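Q: For the record, the sequence lines run as chains A and B.
Last residue of the first sequence? That's 341 in numbering that gives the first Met the number 0, and every number before it is there in order.
Last residue of the second sequence? That's 390 in numbering that gives the first Met the number 0, and every number before it is there in order.
Because the hints were derived from the structure by calculation, they are not lab data.
Values in this document were obtained by computation on a predicted structure and should not be read as measured data.
Backbone N, C-alpha and C fix where the C-beta goes; we use that ideal spot for every residue, glycine too.
Honestly, I wouldn't trust all of these hints.
Straight-line Cα separation of at most 20 Å, EDC-like style, residue types lysine to aspartate or glutamate; simulated pairs [to be verified]:
hint	chain 1	residue 1	chain 2	residue 2
1	A	149	B	7
2	B	222	A	220
3	B	219	A	66
4	A	123	A	266
5	A	123	A	220
6	A	76	B	339
7	A	67	A	77
8	B	219	B	34
9	A	149	A	163
10	A	149	B	339
Not close to chain B: a few residues of chain A, all C-beta gaps over 12 Å, as computed [unchecked claim]:
hint	residue
11	81
12	96
13	98
14	322
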Amino acid sequence: MDEIFLQVLNGLDKGGAYALIALGLTLVFGTLGVVNFAHGTLFMLGAFCTVALNRMLTTSYQRVNPDKTDFLGNPLKEDIPYVQDWFGADFSAFVFDYNVPISILLAIVVMGLVGVIMERGLIKHFYNRPHADQILVTFGLAIVMQEIVKHYFGANPIPQNAPDIVGGAANIGAWIGLGDNVVYPVWRLVYFAFSATIIFSVFAFLQFTTFGMVVRAGMQDRETVGLLGINIERRFTIVFALAAIVAGLAGVMYTPILPPDYHWGMDFLVLSFVVVVVGGMGSLGGAVLAGFMLGILQSFASMNQVKAIFPGIDQIIIYLVAVIILLTLPRGLMGRKGVMED
Amino acid sequence: MFSQSRNDWLLFIGFSIAVLCAPILMEPFGGNYPDLLQKLAIFGLFAIGFNILFGLTGYLSFGHAAFIGVGSYVSIWSFKLLTMNAIPAVLFSVIIAGVFAFLIGYVSLRRSGIYFSILTLAFAQMCYSLAYSVLTPITNGETGLQLRALRTNPDLGLLDADIRVLDQALGIQETSVPTPNFFGLQTSGYEGFYFCAVILIVGFFIAQKITNSNFGMMLKAIKSNQNRLNYTGIHARPYLLAAFVISGMYAGLAGSLMAVTDPIAGAERMQWTASGEVVLMTILGGVGTLVGPVLGAGIIKYAEQKVSSWNEGIISDFFSFLPAGLQDFTASFVSLFVGEGWHLTLGLLFMVIVIFLPGGMMEGFRRIVGLFKRPNDNDTVSNSATAQPAE
C-alpha cells in the first residue's frame, strides 16, 4: 500500500510536467493547426531561464579581505556577488535561496517574447503548409535552439536547488495515517500543486474570458471565426505565447527535480507528443488526463516487482500504451471528430 | 526487366560513373579518404530507401533508424556465428530488417499523417530502449557489440571453440581479432568503399525500376490523393506496406554495410535523431527524386566531417585578410557554427531548405536551368509542375 501510494505520488509530478507541455502543444495544434516539434525545446529554455538567473545573481568580483589570510599568510581574496554589495547580505541570501521561484518572473517575460517572435517570425508562414513541412521546420528550429543553449551553458547538467523551506522531505504517511514509511520530497509536492494550478488557470482563462471564448471557437472552426471579423491572427500569436509560457514555467519548476540539460527538449518532446496523441490531438482535457495517466503508469512500471515480471517494461511502457491506444481508439482518449483526419 | 527509356539509362550510367569515380571527384574537396567515402555510399543507400517511402508515398517515418540498428546487429551476429564473409551478413540483415519492417509497418500503417509518424517514432524508441536495457545479452548494451579474438591460451584454461559454422565447414580458422572480408578481399579501406559503391549502384537501379514501374505509379497516386484511390476501389495499404518493407530493407542493408566496413554496432544508431538525419538528407537533396537523396546524404556527411573538424584557429586564419578587430569578431561569430557547433549549422540548413526550397537541391538546379532556357519553352513549366513536393 505504501509502495503504491509512493508510486502514485512519483507519477503525479512527472505527469504534471508531461501534462503542462502537452497542454501547450495541443493548444497550439488545436488553434493554429501547427504541429510544433520545437515545443519540448521551449520547456528546456524555461529551465535555462533559472540557470541564467542564477548566473546573473552570482556574477561577482574579487575583493581582498584584509582581515583573513589564506594558509600561506597572504590576504584572502573573496568572491563578492554584486547583489550582495548593492542590496546587502540578507537580501542576497534570500534571492539565492528563492532563485527558482524568482525565475518564474523572468521566464514569463522571456518565454512570452520567444513565443511571440517564433510565431510571428516563423510559424505564421507555415499555417497553410503540409504538416510534414511544419514538423520539419520546427524540428530544425529545435536543433538550433538546443545548440545555442549548449554553446552558452555547456553540455553538462547544471543542478539547481529548491528553496530551503521546501527543500527537505515530508512525512506524508503520518499526515494521512499510513505510517512513517511514506516520505517524499516536498518540492515534488509543490511541483504537482503548481502544475495543477497552472492547468486550472489555463482552463479557467479559456472558459470564463471573452478571449478564451474566441480561442475555443477558433479550435472548433477557424475559418468561421475569421469570417465573423475577429482578428484571429493576433489571438493566435497570444495563444502561442501562452503555450510557450506554460511550457517554460513547467521547465523552471522542474529544475530542482532534474538538473537542466541542453537535450531536455528532445527527451521531453517525444514523450509529450506521445501524450498529446494518446489524449487526442486538439483536446485539452485529453492532454492533461493522458499526461497524468502516463506519468503514473511510468512510475508503476519502474517498480521492482513489476520489472521482475516484465523486464524492461519501464523503458517502453509509454510507447506501448501509445501504440495500443492509437490502434484501438484512433482519435485518442478524448479526441474530437474531424481533427487531423484530412 | 532491363527495358528502360534512354534517359533512364543515361541517368543510371551517369550515376554509376559518378559513384565509381567518387575518389577522384572528392579529391579537390579534400574528401578522398575511405572512411568518408564509405559513409557517403552507405548513407546514400539509406536515403534512397527512405525516399521510396517518404518521397513516393508521402508517409513521413521517424523510425527508420531502428532498421539501421537491426541490420548492424544481425551482421555482427552473422560474423560471430556463421562466417566472416560479408555476403551472408548482408543477406541476413536485409531479410531480418524486412521482417521487422513488416511487423512495424503492419501496425503503423493503420494510421496516416502525424499519427503514422508518432507510431513509427514510438516503435523506434522502443527498439532503442530495449537494445540498451533488456536485450543487453544480444546487443551488449552501451558498450556496443563487437568482434573479438578467440582466447586460445590453454595454460590459462582459456580455450574458445570457433563457433563460426560456415567458416569451420570451409576450414577457415581465425586467430587474431577477425575482420570481415568479401571472399578474401578485406572490406575496410578503399576495397570497402567499392564494395559499398557496387551495392549502392544496384540499390539505385532497383529504386529506379520501382519508381518507373506500375507499383511506383501506385505509390505516387497514394501521395497525390489517397481518397480518390480508395474511391476507385483500390486498397492502398498493401502497396504502402510493400513500400515500407522495401525502404526498411534498404535501411537494414545500410546498417549491415556499416557493420561490414567497421564491425561494431551500438544502440545510438537507433536513436530518433538518426531518423531525423535521414529525413534531412532526403529533403536537402530533393524529395521524390532519385539522385536527390544520394546528393543530400553526400553533402551532409561531407559537411559533417569537414565542418566539425574546423576550430577557431583555422577560422581565424581564414579571415586574416580582415582588419584585426573585425577578424576576431568574425572568427568568434563563425566559430559558433563549426566544430562542436556543427549541429547548429545543420539545424539552420534544415530550416532554410524547408522554408525556401521545399523541393530540395534538385528543384534548385531545375530553377537555375530554367533561368537559362528560353521562356517559351514548355518543358520547364511541366517539369517544375511535376517536381512539387508532398501534399
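Q: For each hint given before, does the structure comply? Return the numbers of the non-compliant ones in rising order.
A: Of the numbered hints, 1, 2, 3, 4, 6, 8, 9 and 14 do not hold.
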